Amino acid sequence: MDYQTFEPGPELAPFIKCYWTLDSPKEDVPQSQTIVPDGCMEMIFHYGDLYKQYIQGEAIVQPRSCVFGQLTQPLRIKPTGITGIFSVRFHHDGFLPFAAIPIKEMDDKAIPLEDLFGAAGAELGEKVFHSKTVQEKISHVENFLQERLNPETIDRIVQSTIDILLNVNGQISVNELSQQTNINRRQLERRFSSAIGMSPKQLSKTIRLQSILKQLLHKEYTSLTALAYDAEYYDQAHFIKDFKEFTGLSPKEFYGDHLQMSSLFYKKDS
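Numbering (our numbering), first residue to last: 125 to 394.
A portion of the hints provided could be inaccurate.
[Stated by the list, open to error] Listed below are the simulated DSSO-like cross-link pairs for lysine-lysine, each with C-alpha atoms no more than 27 Å apart in a straight line: (1) Lys376 x Lys329; (2) Lys233 x Lys202; (3) Lys251 x Lys233.
Treat the hints as calculated values from the structure; they're not laboratory data.
Bear in mind the structure is a predicted one, so any value in this text is a computation, not a measurement.
Use the sequences and the hints to build the structure in full.
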């Protein structure tokens with residue numbers, strides 16, 4: 125697999141984490157991959173063959189150009205041929221200023237650009253598909269997003285709360301978040317649902333798991349028990365329960381080939 129990342133322009137950097145491309149030849153025997161929730165939405169363009177995604181056991185072919193909402197559970201996908209993907213990875217609340225429908229309605233769904241943005245979305249998909257270089261693709265996407273940027277939708281409370289979660293690797297309770305931000309817990313949950321598509325507790329668990337996955341991949345731990353202790357889980361059972369919820373696997377099963385694609389993303393993030 126050839127995986128590369130690219131920085132967004134300064135005007136969109138507050139909303140876009142990075143652009144990335146993934147190219148891979150056709151597999152003789154296509155292997156399914158598991159994508160683990162990371163709290164970030166993606167705008168995905170397939171310039172290679174499409175992927176299948178499996179939802180509740182049913183195989184669905186992904187749209188050629190789409191926005192994928194928040195993952196609240198592991199997503200299993202499988203290539204149908206040659207892989208060629210260009211994607212826009214947004215910050216946790218980064219898609220909100222461009223959203224055409226409520227964020228929460230997009231959870232666990234790959235929604236075609238045409239459904240979100242009409243003819244302009246379909247046109248963007250065609251432009252990206254026919255672009256010869258990554259920079260051309262980025263230019264088309266940035267022009268499109270800048271035209272639709274609505275700063276009035278930005279929620280500064282949610283942004284500052286996300287910063288807190290990231291600074292402590294998700295190791296904080298919602299009650300503590302509520303106290304630190306001086307926002308009622310229910311109000312904070314409503315604002316997160318509108319801005320991100322998940323609750324503060326869900327995002328907190330996601331960020332904490334992401335931190336652990338990186339440590340596992342980089343072998344930065346002495347034992348799973350020590351890893352769970354450092355991440356402030358109540359006990360080993362709590363750690364394994366959360367791990368399975370987000371990956372579909374136990375920690376010991378984590379090193380399978382079916383997590384190859386997700387591991388690329390973990391390695392790139394700081």
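Hint check: Lys233 vs Lys202, CA-CA at most 27 Å. Holds or violated?
16 Å, holds
Given the hinted pair Lys251 and Lys233, is their Cα-Cα distance within 27 Å?
23 Å, holds
Decide if the proposed pair is consistent with the structure: Lys376 and Lys329, CA atoms, cutoff 27 Å inclusive.
19 Å, holds
Checked against the numbered hints above, the structure breaks none of them.
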